[in-house]
Amino acid sequence: MSPAPKLLEVDDLRVKFLTEDGMLTAVDGVSFELDTGEVLAIVGESGCGKSVTSQTMMGLTRSPNARIEGSVKYKSEELLDAPDEVLHRIRGEELAMIFQDPISALNPVYKVGAQIVEAIQAHEDVSDEIAKRRATELMAEVGIPDPARRVDEYPHEFSGGMRQRAMIAMALALEPNVLIADEPTTALDVTIQAQILRLLKRLNEDRGLAVIMVTHDLGVVADIADRVLVMYAGRVVESGSLDQIFYDPQHPYTWGLIGSITRLDRPPTHRLAQIKGQPPSLIGLPAGCHFRPRCPHAFDRCTEPPGLEVRGGGAGHEDRCWLSAEKKKTLRVVEGDIGLEAPAA
Amino acid sequence: MSAQEAAAKAGVATGQDGQGEALLEITNLVKHFPIKSGIFFDREVGAVRAVDDVSLSVHEGETVGLVGESGCGKSTLCRTVVKLLAPTSGSIRFEGAELAGLGRRDMRPHRRQMQMIFQDPYASLNPRKRVGQIVGEPLKLHKMASGAQLKRQVQELLVRVGLGAEHYNRFPHEFSGGQRQRIGIARALALRPKLIIADEPVSALDVSIQAQIINLLDDLQDEFKLTYVFVAHDLGVVRHVADRVAVMYLGKIVEIGPASDVYENPIHPYTVSLLSAVPIPDPRANRDRQQVMLEGDVPSPANPPSACRFHTRCPRATDICSEVEPELIEHRPDHWAACHHPYNVGGGPKVEVVPGAKDNGS
Numbered sequence: 088m089s090p091a092p093k094l095l096e097v098d099d100l101r102v103k104f105l106t107e108d109g110m111l112t113a114v115d116g117v118s119f120e121l122d123t124g125e126v127l128a129i130v131g132e133s134g135c136g137k138s139v140t141s142q143t144m145m146g147l148t149r150s151p152n153a154r155i156e157g158s159v160k161y162k163s164e165e166l167l168d169a170p171d172e173v174l175h176r177i178r179g180e181e182l183a184m185i186f187q188d189p190i191s192a193l194n195p196v197y198k199v200g201a202q203i204v205e206a207i208q209a210h211e212d213v214s215d216e217i218a219k220r221r222a223t224e225l226m227a228e229v230g231i232p233d234p235a236r237r238v239d240e241y242p243h244e245f246s247g248g249m250r251q252r253a254m255i256a257m258a259l260a261l262e263p264n265v266l267i268a269d270e271p272t273t274a275l276d277v278t279i280q281a282q283i284l285r286l287l288k289r290l291n292e293d294r295g296l297a298v299i300m301v302t303h304d305l306g307v308v309a310d311i312a313d314r315v316l317v318m319y320a321g322r323v324v325e326s327g328s329l330d331q332i333f334y335d336p337q338h339p340y341t342w343g344l345i346g347s348i349t350r351l352d353r354p355p356t357h358r359l360a361q362i363k364g365q366p367p368s369l370i371g372l373p374a375g376c377h378f379r380p381r382c383p384h385a386f387d388r389c390t391e392p393p394g395l396e397v398r399g400g401g402a403g404h405e406d407r408c409w410l411s412a413e414k415k416k417t418l419r420v421v422e423g424d425i426g427l428e429a430p431a432a
Numbered sequence: 002m003s004a005q006e007a008a009a010k011a012g013v014a015t016g017q018d019g020q021g022e023a024l025l026e027i028t029n030l031v032k033h034f035p036i037k038s039g040i041f042f043d044r045e046v047g048a049v050r051a052v053d054d055v056s057l058s059v060h061e062g063e064t065v066g067l068v069g070e071s072g073c074g075k076s077t078l079c080r081t082v083v084k085l086l087a088p089t090s091g092s093i094r095f096e097g098a099e100l101a102g103l104g105r106r107d108m109r110p111h112r113r114q115m116q117m118i119f120q121d122p123y124a125s126l127n128p129r130k131r132v133g134q135i136v137g138e139p140l141k142l143h144k145m146a147s148g149a150q151l152k153r154q155v156q157e158l159l160v161r162v163g164l165g166a167e168h169y170n171r172f173p174h175e176f177s178g179g180q181r182q183r184i185g186i187a188r189a190l191a192l193r194p195k196l197i198i199a200d201e202p203v204s205a206l207d208v209s210i211q212a213q214i215i216n217l218l219d220d221l222q223d224e225f226k227l228t229y230v231f232v233a234h235d236l237g238v239v240r241h242v243a244d245r246v247a248v249m250y251l252g253k254i255v256e257i258g259p260a261s262d263v264y265e266n267p268i269h270p271y272t273v274s275l276l277s278a279v280p281i282p283d284p285r286a287n288r289d290r291q292q293v294m295l296e297g298d299v300p301s302p303a304n305p306p307s308a309c310r311f312h313t314r315c316p317r318a319t320d321i322c323s324e325v326e327p328e329l330i331e332h333r334p335d336h337w338a339a340c341h342h343p344y345n346v347g348g349g350p351k352v353e354v355v356p357g358a359k360d361n362g363s
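Here the protein sequences come in this chain order: A and B. Its first residue numbered 88, the first sequence is counted upward by one per residue in the numbering used here. Its first residue numbered 2, the second sequence is counted upward by one per residue in the numbering used here.
Extracted from the complex, chain A is given alone in its bound form:
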């Protein structure tokens, strides 16, 4: 008997866009799996391909100038070349997505409740009355106060945090199994961010909702994720459990990321680790390791592309770095913390 199929399987996903300046490689061979009820964080900086990866899963990057290769399977059903009808059903009923900016994701001229009703009625043949009652219940579930009144309000009458809750209510309307959240708290104040993260955690625990959290914020990752993918220039450079990534990071880029965060919980005793230089242009990326030009530990072998495999980390902890396990252990420690610095000559 073959093992049960994974909830979501992404295999060697490649997304390229033809631009005026040439072929831009946004996603360069990304593979991962998502289990039922799991929270997976995809972390990286602007242009690393985290958003394009999540949008491609939802079929949102299909366009004449896009070249999409690889495979995205939901319960062993291929999504990348799925016809529109299949995609239409899967989007909403199986996979749902929320975005960074809820004000541009909501239609300003329709009432919030009506937009949730529309989402329900696009998939199910139910009366206006029932759909509206469900919309109200959903708004209550995501913590919108006084939902019976607010269901008839417009998006501009909602605050930023309330709009994001409304988006989550809409995403939950058809009881999906996977929620893809693309920087859902980036535009919000910290106290509101904490509320939204708590809500997502509750939905994950109560409903068994699997979450893909796309973020640049390692604090958010530490708060919510079970497993983490670190992306750089279109590739996953490291993947592992939350604790593996934070306490036993294998890739120099991850060291740099961890070292460059300013921390609330410690006095500023030393300079921040900085990653020198700029993220690379995605047109004409260098052969080999994409991080090589910025990496102080790069050596000859880095001109060959390292594969994503278990190297120095524990079980299931993969990375793309040629350095030996012992070298990684010593190089990543800078002044007693994780950091990225050129070794003293």
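Note that these hints are calculated values from the structure, not bench results. Wrong hints could be hidden among the right ones.
[As the list claims (entries may be wrong)] Okay, the calculated beta carbon distance ranges per label pair:
no., chain 1, residue 1, chain 2, residue 2, range
1, A, T106, B, P316, 48 to 54 Å
2, A, I190, B, Y123, 17 to 23 Å
3, B, E96, A, D330, 49 to 55 Å
4, A, M110, B, M294, 43 to 49 Å
5, B, G97, A, A235, 56 to 62 Å
6, A, P195, B, E138, 36 to 42 Å
7, A, D233, B, V46, 25 to 31 Å
8, A, P383, B, Q292, 33 to 39 Å
9, B, M294, A, P195, 54 to 60 Å
10, B, N29, A, Y334, 46 to 52 Å
[As the list claims (entries may be wrong)] Over the 10 Å line for every Cβ pair with chain A, so calculated as not near, a few chain B residues:
no., residue
11, E61
12, E99
13, P327
14, H342
15, G349
Cβ atoms here follow ideal geometry from the backbone N, Cα and C, with glycine treated the same way.
We have chain A already, so just place chain B on it with the hints.
For chain B alone, coordinates are given in the frame of chain A:
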């Protein structure tokens, strides 16, 4: 002990009221924006009380962090201080001179000494001017350099902020976000000011670039003896750069004190909940911490709650909080807070919102 810590100590010694003359002394500053209504006549129907009776002194060489959520008035405060906005009332003294009533022309000599760095490096640089013009403009306006000397000075500045002299003739769109912020910093530095007001200078940048800019600002402070007012909503960034921290809520300073003391022993319930809302990039520390969750949203500054403005969201509020406005009281040396039910002082409850903050102090 680092120079920064030494400066913090000096700041504490002079105290908020300061025996020595502060570089910048803001007293009872108010900035209201009128809300107008009517078709033919603009009738004032109310006011957004963006900054409401704020007093703050900034001493030479220190970095004062200003934190708070959107709409708390931190940006308005900055803009009013450099007179990009005219204050409604109150006093702004800079190097002993009163700025509040000054016109454009009379402001000019003072402007040389106080410069701003803005959040959005895309919007704050003129896209049709070359980098050399952008950075050289203040020098020209103040007639401090011209011709070949101007070019040389600008190129030196560009190199100093980590760009190249060859960038002189480029346009802003040719640069990345972090590099543009460096251009903004070079422009602010051009006149060798004493005070730099940085309004969310790293918020729009990726973390690795953020670290580059923070380190740069740090180096420049040492080199040019700069004083910073550093506004940010990211409490981690502020902890890293600030000697003293002021926490604002709906137009008022609710707590102000030495950075280490504010982060380790916050007094005001708003500071406590703000600090506990920030996720810590360390899974174990995150699991172990005490969180004080805030419900609801920030009320509108056009119609702020009575007395203590935080009482509608405060977990410790009682009747007195909606009736009597609490004054800023010095609870610990140089650490002030405006609250009827403070944490971490006297009989108030102890709360440690940032686990391990003290252990890592060595």
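Outcome of the hint check:
Distance hint check: the CB atoms of T106(A) and P316(B) are about 52 Å apart, consistent with the given range 48 to 54 Å. Checked against the given bound of 17 to 23 Å, the beta carbons of I190(A) and Y123(B), roughly 20 Å apart, stay inside it. Checked against the hint of 49 to 55 Å, the C-beta distance between E96(B) and D330(A) comes to roughly 53 Å, which is consistent with it. As the Cβ distance of M110(A) to M294(B) is approximately 48 Å, the hint placing it in 43 to 49 Å holds.
About 60 Å separates the C-beta atoms of G97(B) and A235(A), a value consistent with the hinted range of 56 to 62 Å. Between P195(A) and E138(B) the CB atoms are about 39 Å apart, so this pair conforms to the stated range of 36 to 42 Å. Distance hint check for D233(A) and V46(B): the Cβ-Cβ separation is about 26 Å, which falls inside the suggested range of 25 to 31 Å. Our hint of 33 to 39 Å for P383(A) and Q292(B) holds, since their Cβ atoms are close to 37 Å apart.
At about 30 Å, the CB distance of M294(B) to P195(A) disagrees with the hint of 54 to 60 Å. Judged by the Cβ atoms, the range 46 to 52 Å given for N29(B) and Y334(A) holds: they are separated by roughly 50 Å. With a least CB separation of 20 Å from chain A, E61(B) remains clear of the 10 Å interface cut-off, as annotated. Here E99(B) stays apart from chain A, with its beta-carbon at least about 35 Å from theirs, past the 10 Å limit.
The claim that P327(B) lies off the interface holds: its Cβ sits roughly 20 Å from the closest Cβ of chain A, which is beyond the 10 Å cut-off. Every CB of chain A is more than 10 Å from the CB of H342(B) (nearest about 19 Å), matching its label as outside the interface. With a least CB separation of 21 Å from chain A, G349(B) remains clear of the 10 Å interface cut-off, as annotated.
Violated hints amount to a single one, hint 9; each of the other numbered hints is respected by the structure.
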